[in-house]
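Model the full structure from these sequences, guided by the hints.
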Amino acid sequence: MRVVVVGAGPAGMAAARTAADAGAEVTMVDSEPEAGGQYLRGRARFGHAGVTHLKNTEAWLVEGDALHLRGPGLLRFDALVVATGAYDRPLPFPGWDGPGVITAGAAQALAKQGVTLAERVIVTGTGPFLLPVATALQDLGATLVGVYEASSPTRWLRESRAVLANRHKIGELAGYRKVLPRLETRTAVIAKHGDRVTVAKLDSRWRPVGHRTEHADLVCVGYGFLPRTDLVPHARRTGDFLDVDERQRTSIGNVYAAGEVTGIGGADLAEAEGVVAGAAAAGHEPPAKAVEAVRRGRLFAGALARAHEVQPGWRTWLNPDTTVCRCEKVRLEDLTDATSMRELKLTSRVAMGRCQGRICARNAAELTGVPFDGQRRVIAVPIPLGELADLPEEQS
Amino acid sequence: MQPDVVVMGAGIIGAACAQALRARGLAVLVVDRHGPASGTSAAGEGNVLVSDKEPGPELGLALASRALWPELADDAEWEEKGGLVVATTPEAVVGLQAFAAAQRTAGVDACEISAADALACEPHLNPGITAAVHYLQDAQLNPVKATRTLLRGIEVRRTEVSSADGRSVTTSDGVISCGAVVNATGPWARHFGVNVLPRRGVVLVTTPIPGRIRHKVYDADYVGAVASGDADLQTSGVVESTQAGTVLIGSSRQRKGFDDTIESKVLKALARRAIAMFAMLADVPVMRAYGGFRPYAPDHLPIIGEDPRTPGLWHATGHEGAGVGLAPATGRLLAQLLTGEDPLVDPRPFRVDRPEVMV
Numbered sequence: 401m402r403v404v405v406v407g408a409g410p411a412g413m414a415a416a417r418t419a420a421d422a423g424a425e426v427t428m429v430d431s432e433p434e435a436g437g438q439y440l441r442g443r444a445r446f447g448h449a450g451v452t453h454l455k456n457t458e459a460w461l462v463e464g465d466a467l468h469l470r471g472p473g474l475l476r477f478d479a480l481v482v483a484t485g486a487y488d489r490p491l492p493f494p495g496w497d498g499p500g501v502i503t504a505g506a507a508q509a510l511a512k513q514g515v516t517l518a519e520r521v522i523v524t525g526t527g528p529f530l531l532p533v534a535t536a537l538q539d540l541g542a543t544l545v546g547v548y549e550a551s552s553p554t555r556w557l558r559e560s561r562a563v564l565a566n567r568h569k570i571g572e573l574a575g576y577r578k579v580l581p582r583l584e585t586r587t588a589v590i591a592k593h594g595d596r597v598t599v600a601k602l603d604s605r606w607r608p609v610g611h612r613t614e615h616a617d618l619v620c621v622g623y624g625f626l627p628r629t630d631l632v633p634h635a636r637r638t639g640d641f642l643d644v645d646e647r648q649r650t651s652i653g654n655v656y657a658a659g660e661v662t663g664i665g666g667a668d669l670a671e672a673e674g675v676v677a678g679a680a681a682a683g684h685e686p687p688a689k690a691v692e693a694v695r696r697g698r699l700f701a702g703a704l705a706r707a708h709e710v711q712p713g714w715r716t717w718l719n720p721d722t723t724v725c726r727c728e729k730v731r732l733e734d735l736t737d738a739t740s741m742r743e744l745k746l747t748s749r750v751a752m753g754r755c756q757g758r759i760c761a762r763n764a765a766e767l768t769g770v771p772f773d774g775q776r777r778v779i780a781v782p783i784p785l786g787e788l789a790d791l792p793e794e795q796s
Numbered sequence: 187m188q189p190d191v192v193v194m195g196a197g198i199i200g201a202a203c204a205q206a207l208r209a210r211g212l213a214v215l216v217v218d219r220h221g222p223a224s225g226t227s228a229a230g231e232g233n234v235l236v237s238d239k240e241p242g243p244e245l246g247l248a249l250a251s252r253a254l255w256p257e258l259a260d261d262a263e264w265e266e267k268g269g270l271v272v273a274t275t276p277e278a279v280v281g282l283q284a285f286a287a288a289q290r291t292a293g294v295d296a297c298e299i300s301a302a303d304a305l306a307c308e309p310h311l312n313p314g315i316t317a318a319v320h321y322l323q324d325a326q327l328n329p330v331k332a333t334r335t336l337l338r339g340i341e342v343r344r345t346e347v348s349s350a351d352g353r354s355v356t357t358s359d360g361v362i363s364c365g366a367v368v369n370a371t372g373p374w375a376r377h378f379g380v381n382v383l384p385r386r387g388v389v390l391v392t393t394p395i396p397g398r399i400r401h402k403v404y405d406a407d408y409v410g411a412v413a414s415g416d417a418d419l420q421t422s423g424v425v426e427s428t429q430a431g432t433v434l435i436g437s438s439r440q441r442k443g444f445d446d447t448i449e450s451k452v453l454k455a456l457a458r459r460a461i462a463m464f465a466m467l468a469d470v471p472v473m474r475a476y477g478g479f480r481p482y483a484p485d486h487l488p489i490i491g492e493d494p495r496t497p498g499l500w501h502a503t504g505h506e507g508a509g510v511g512l513a514p515a516t517g518r519l520l521a522q523l524l525t526g527e528d529p530l531v532d533p534r535p536f537r538v539d540r541p542e543v544m545v
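Chains A and B, in that order, give the protein sequences. Start counting at 1 in the first sequence, then tack on 400, and there's your number in the numbering used here. Start counting at 1 in the second sequence, then tack on 186, and there's your number in the numbering used here.
Straight-line alpha carbon distances no greater than 27 Å define the calculated BS3-like cross-link-like pairs of lysine-lysine that follow:
1) A/Lys729 with B/Lys267
2) B/Lys267 with B/Lys331
3) A/Lys729 with B/Lys331
4) A/Lys512 with A/Lys569
5) A/Lys455 with A/Lys512
6) A/Lys455 with B/Lys454
Treat the hints as calculated values from the structure; they're not laboratory data.
Rendered as structure tokens:
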């Protein structure tokens, strides 16, 4: 039984270990030099009998029962586990494309490498992920001007069932106690010009109801996450995330998914999903404890998605000349009255640049009202033509 | 109000038919399940070519279209970039030159140029080429913008058609009565009674390298691949840049129904063909690939005319990979036939009652 796992974050590592323990021959592929993913970033000391860890390796295409790797290379599998995680979603505002604005995820990654980013920083967005980012920046000596949460905390009052099932999550808040005094809810950065930052109070739909000016060198933006699902463009999904059954199997027979590609619920849920996916991929019954942890974690993930759902009022933060797509320099006023994503792209060039719409496509869809097509990129990472010319021949 | 004509399909052909009908004073409604240019039209390179067509009725239609496009496509990134067809082997020289000579007698501006002149036109071209022909009339446009331009002032309704006869169209939102129906559904046209099959194509897109490639450049094998009806994968090297600086790399032809999975063997073959023409492309990253389905008629000729079995039902489909290039003349021809005007080209080769087409 050959199991290939893509991604070496909490979900991928758990899947690889579990599948190996169940007797499968496991290869774990990851683009980073060390295991850990975004969450543990190089701090995981991964080594497990029966698991071959391919570091610094990018996977770019699933074709039947083969995974194509940069290099080029080809890995055959009986079962594949996609644990490729998610990336931050920024929302555009006047000045977001200028200097001193980065995603919250990028800020955290740099902080984990010990890079001091700026004197005065603001973290703005929605969701509990803002707190560890702010903590990491403060620990490096930055002055935290504010942590601005766009949503209202009262939205969590409707989620008592999820909270009760996940009481340990409340304990995690204690780890962020140093930044909690700087936390301000129903608040967001809606413009930045030089170090002058416009901070607005928002109504429940995120429309500004009043604003003030703060000074900051760096604004870190994170309005939730979008899953990295490029390897399985044909897999069924709900909203942005991959659909999986109770064994973490996607709509494609021998392809499983675990972690943030199925929904955002934190590292413990990702790890539990990895255990279930790894066992199932190796042809074993998933352990009951992990199945129960997934059930509980999904309750929390669902509550998180509802409480921190991006509200449509953000669209009023933009001016006609505000950049929507940074790669192709497309402004709000350049977006056309298209009916499909493809039509929108080919008439405005939004999402046609280097990032292939990872940053802007979702936002452009919401700004214009065209249905978001999930950005089904058939080549997951850029590849030189010379490497494509040298692809291994099909054996079939 | 009841429309005179319902056009099914808001791709480049449906848009051109609608535009030409409206210009003749008819009330036109276009219906499409996904909206303008959501299928084949947006899945190509936006080519307006005469270079790849042998003398015959399709070349006549292409030349008529080429004359009409400039005034229709002013807002659609229209670019008269010219085509450069190159032979890469000694054996291909005679065939390429004979093909160009025959085209010249049919009115195509095909200039044989030396390998040195070809390299002057395209400095990054493989210096080992054995012959070249420069086609001044070949042009390119943005097919989505062109479709939208043609549809300006015409109602496009998003709805799915389940059946149609010559007097009405049944949609998911009810029955629309009308005077005539045009089937411009491209590779899906078979549903309405003509033998059109999907022929898959894939295009690779590189990161921007502005100014490095100036013309549409393709190898002489392309013409053979276009004319073939083989179901197996065929590829030829077709390389050109867009106004955004990206390079588009085709072309592949494969008959495998509406299966849209990307196959590595197709990517590999396209990359090899492109590098054989431009060695510098080996280091240029591909950032995406996209594909679509050409509407393919077994005898390789478009289908334009009234269905003799169903009066009032008109077809405009089967343009395979040349729909953008053939659209304006197709639309005009269809409108002329429908309104009883004299046609701009002989319509008989495109008639519906060809044995290969009637199903």
